[in-house]
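Chemist: The chain contents come next:
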Amino acid sequence: MRDHVISELVELVKKDSHIYLICGDLGYVVLDKFKEAAPNNFLNSGIAEQNMTALAAGLAMEGNTVFTYSIGNFPTLRCIEQIRNDVCYHHANVKILAVGGGFVYGNQGVTHHATEDIAVMRALPTMRVYVPGDAYEAMECLKEAYEIPGPAYIRLARNKEQNFHEDGAVIDINKIQAYSKQGSEVNILTTGSILCEGIKLQKLLEDQGISTGIYSVPRVKPIDEDGIKDLAKSCKLLVTMEEHQIEGGLGGAVAEVLSSIKEQHAVLYRSGLNNMFSDTTGSQDYLRNYYNISADTLLPIIKEELGR
Amino acid sequence: MKSEELSVRIRLKAWDMAYKAKASHMGGNFSMADAISVLYTDVVKIDPKNPDADDRDRVVLSKGHCCAVMYALLAQKGFFPEEELEHFGEDGSMLSCHISKKVPGVELSSGSLGHGAAVAAGMALNGKLNDKNYKVYAICGDGECDEGSIWEMVMFAGQHKLDNFTVIIDANKMQAMGDTKDIIDLQPISEKWRLFGWTAIDVNGHNHDELRAAFNASHEGKPKVIVSNTIKGHGVSFMENSLWWHYQIPFNEYYPKAIEELNAELERIGGNL
Chain W
0 MRDHVISELV ELVKKDSHIY LICGDLGYVV LDKFKEAAPN NFLNSGIAEQ
50 NMTALAAGLA MEGNTVFTYS IGNFPTLRCI EQIRNDVCYH HANVKILAVG
100 GGFVYGNQGV THHATEDIAV MRALPTMRVY VPGDAYEAME CLKEAYEIPG
150 PAYIRLARNK EQNFHEDGAV IDINKIQAYS KQGSEVNILT TGSILCEGIK
200 LQKLLEDQGI STGIYSVPRV KPIDEDGIKD LAKSCKLLVT MEEHQIEGGL
250 GGAVAEVLSS IKEQHAVLYR SGLNNMFSDT TGSQDYLRNY YNISADTLLP
300 IIKEELGR
Chain V
0 MKSEELSVRI RLKAWDMAYK AKASHMGGNF SMADAISVLY TDVVKIDPKN
50 PDADDRDRVV LSKGHCCAVM YALLAQKGFF PEEELEHFGE DGSMLSCHIS
100 KKVPGVELSS GSLGHGAAVA AGMALNGKLN DKNYKVYAIC GDGECDEGSI
150 WEMVMFAGQH KLDNFTVIID ANKMQAMGDT KDIIDLQPIS EKWRLFGWTA
200 IDVNGHNHDE LRAAFNASHE GKPKVIVSNT IKGHGVSFME NSLWWHYQIP
250 FNEYYPKAIE ELNAELERIG GNL
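Residue numbers (numbering that gives the first Met the number 0), protein chains in the order written: chain W, 0 to 307; chain V, 0 to 272.
Note that these hints are calculated values from the structure, not bench results. In this text, all values refer to a predicted model and were calculated from it rather than measured experimentally. Glycine included, every Cβ here is placed at the ideal spot set by N, Cα and C. Some hints could be false.
What the hints assert, rightly or not - Derived DSS-like pairs (lysine-lysine); straight-line CA-CA distance at most 25 Å:
#	chain 1	residue 1	chain 2	residue 2
1	W	Lys34	V	Lys160
2	W	Lys159	W	Lys34
3	W	Lys14	V	Lys127
4	V	Lys221	V	Lys160
5	V	Lys191	V	Lys160
6	V	Lys127	W	Lys13
7	W	Lys180	W	Lys199
8	W	Lys228	W	Lys261
9	W	Lys235	W	Lys202
10	W	Lys261	W	Lys174
11	W	Lys34	V	Lys131
12	W	Lys174	W	Lys228
13	W	Lys13	V	Lys131
14	W	Lys34	V	Lys127
15	V	Lys172	V	Lys131
16	V	Lys131	W	Lys14
17	W	Lys235	W	Lys261
18	W	Lys32	V	Lys127
19	W	Lys232	W	Lys220
20	W	Lys235	W	Lys174
21	V	Lys21	V	Lys256
22	W	Lys202	W	Lys261
23	W	Lys202	W	Lys228
24	V	Lys44	V	Lys131
Unchecked claim - In silico contact screen, one side only, chain W against chain V (beta carbon under 10 Å); selected entries:
#	residue
25	His17
26	Tyr19
27	Asn40
28	Leu42
29	Ser44
30	Ala47
31	Ala56
32	Gly57
33	Leu58
34	Glu61
35	Gly62
36	Val65
37	Tyr88
So here's chain W without its partners, still in its complex pose:
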């Protein structure tokens, strides 16, 4: 996912010399392709995310499209006020690229788990929030973020996620992305690379005779309200899956959408961290299991929710 996005960014900067990429001294080797293609458009702010973001705002106010790049919480939470005041309030054309969303950094510990970023970024006026499920969604997210002026946050995972699209697939990220037929009993919504677990969970439920659909939400803000409402009105249970707190992220966003449905609609089960830090040491897979955000651990929970 990460390398696909950087490659796409290289294609963009070849056509648009007013694109700049500023990293906060992270991206060793990863960003080489961009540096080689456009050395004058690459900057390292040093380990100084507040300055990275304010500089990006100043550069953007002069007519440039500026990408900031770092790991998870560093280009977001560390400099949140620069994002709010300098970027969002001034509608500066700054796009925040974060790698290592959710539990990607596994046993590196809590400081390296980005598990509140979606909620915080969602709360900022004018910010668009992209959390792609695979490399192909990610490239579409990048293209849209580039084309639409103003602030954007793109939360990537890393580089070894499974891809679920063929080359050349047409993806409309204005809509939730179906990876199965619609379920008449259950529909699962995922955001980010936990999509692979969602797809697995959908198969497990189908195998047990529970009609289930699986959808990725590559753009959490603005969210596809109509798509979510349609699902909610036609099934019993909606499930959200995210490597994030259940408050304010995808689960929170979906709950907000459901709250405005007047007709009878599905109950929502939100999986994710519930008001706690992910301070157990372990790999991404271990953490997904430990915090009940994996297919295997969610299967009995979903069945219980359905009374089966």
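We have chain W; now place chain V onto it with these hints.
Modeler: Below, chain V without anything else, positioned relative to chain W:
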């Protein structure tokens, strides 16, 4: 109008605006009034009728709470009608009590400290990367230099030799809770910036000739900081070096007394009353 007269007139106007709006921060407004008067009279090239022109010089007020003198100055220079100043802080006015980008001639809304100078550095960086001729100026407080983000900017601008960039530190030696020397003592502040690769010049921030010379001083290959050593509340006897006037809104007998003193100063320097 010469900068000396302008600096008194904008203090008078700001005082009136603050009285009407019940606004505070007059001490820091008055300490920086001289530097911005010199800056706009003798240094920057900005067309008030075309404040967004590509080749304009950029001025960013990083200590955004001291917007009253800046608004008064911009109106006096013709960026917007002076009548508008009557609405400072009023419901629905563009003139909020921390500086607003809604006001013609204002580059950036600020109010949280440690932001504006770094955004200004980004504007200067664009000038260097794209061979632009404009220059960028940012005005900070000395208390503001407690913010870590200021030092992130200082390191970066020095490293990247942003010689189209000048920061003016309004060093009035006081901050919200007391004297800077008792809270975070950054003196000698010019020496600290110099060590990070800046041309640093200390001046008496109420002496317009010294300010002009500092603005004109060459700084090829380096960003420049002018440490404008000032007196908080300068120009009104009872406000000078008074922490109380960081917070106090003009009231009762203080209101006419300040006007009297400022008018006397205007008369002394030969400005028309």
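Chemist: Does each hint fit the structure? Answer for all of them.
Modeler: How the hints compare with the structure:
1. W/Lys34 / V/Lys160: Holds: W/Lys34 and V/Lys160 sit about 21 Å apart, inside 25 Å.
2. W/Lys159 / W/Lys34: Between W/Lys159 and W/Lys34 the Cα gap is close to 22 Å, so the pair holds against 25 Å.
3. W/Lys14 / V/Lys127: holds, 21 Å
4. V/Lys221 / V/Lys160: holds, 5 Å
5. V/Lys191 / V/Lys160: Measuring from Cα to Cα gives roughly 16 Å; hence the hint holds.
6. V/Lys127 / W/Lys13: Holds, because 20 Å separates the two Cα atoms, which is no more than 25 Å.
7. W/Lys180 / W/Lys199: Distance ~14 Å between W/Lys180 and W/Lys199 Cα, so the pair holds.
8. W/Lys228 / W/Lys261: holds, 10 Å
9. W/Lys235 / W/Lys202: With a Cα-Cα distance of about 18 Å, the restraint between W/Lys235 and W/Lys202 holds, given a limit of 25 Å.
10. W/Lys261 / W/Lys174: Satisfied, since the Cα-Cα distance of roughly 22 Å is no more than 25 Å.
11. W/Lys34 / V/Lys131: The given pair, whose Cα atoms are some 23 Å apart, holds under the 25 Å limit.
12. W/Lys174 / W/Lys228: With a Cα-Cα distance of about 12 Å, the restraint between W/Lys174 and W/Lys228 holds, given a limit of 25 Å.
13. W/Lys13 / V/Lys131: The hint holds at about 22 Å.
14. W/Lys34 / V/Lys127: holds, 18 Å
15. V/Lys172 / V/Lys131: violated, 35 Å
16. V/Lys131 / W/Lys14: Distance of about 21 Å is within 25 Å: holds.
17. W/Lys235 / W/Lys261: holds, 15 Å
18. W/Lys32 / V/Lys127: It holds: about 24 Å lies between the C-alpha atoms, which stays within 25 Å.
19. W/Lys232 / W/Lys220: With a Cα-Cα distance of about 21 Å, the restraint between W/Lys232 and W/Lys220 holds, given a limit of 25 Å.
20. W/Lys235 / W/Lys174: Answer holds: W/Lys235 to W/Lys174 is near 21 Å, not above 25 Å.
21. V/Lys21 / V/Lys256: Distance ~17 Å between V/Lys21 and V/Lys256 Cα, so the pair holds.
22. W/Lys202 / W/Lys261: The given pair, whose Cα atoms are some 31 Å apart, is violated under the 25 Å limit.
23. W/Lys202 / W/Lys228: Holds, at roughly 23 Å.
24. V/Lys44 / V/Lys131: Holds - the C-alpha atoms of V/Lys131 and V/Lys44 are around 14 Å apart, at most 25 Å.
25. His17: holds, 8 Å
26. Tyr19: Holds, about 8 Å.
27. Asn40: holds, 8 Å
28. Leu42: holds, 8 Å
29. Ser44: holds, 6 Å
30. Ala47: holds, 4 Å
31. Ala56: holds, 5 Å
32. Gly57: holds, 2 Å
33. Leu58: This interface hint holds because 5 Å falls under the 10 Å limit.
34. Glu61: This interface hint holds because 4 Å falls under the 10 Å limit.
35. Gly62: holds, 8 Å
36. Val65: Hint holds; W/Val65 Cβ to chain V Cβ min 8 Å, cut 10 Å.
37. Tyr88: holds, 6 Å
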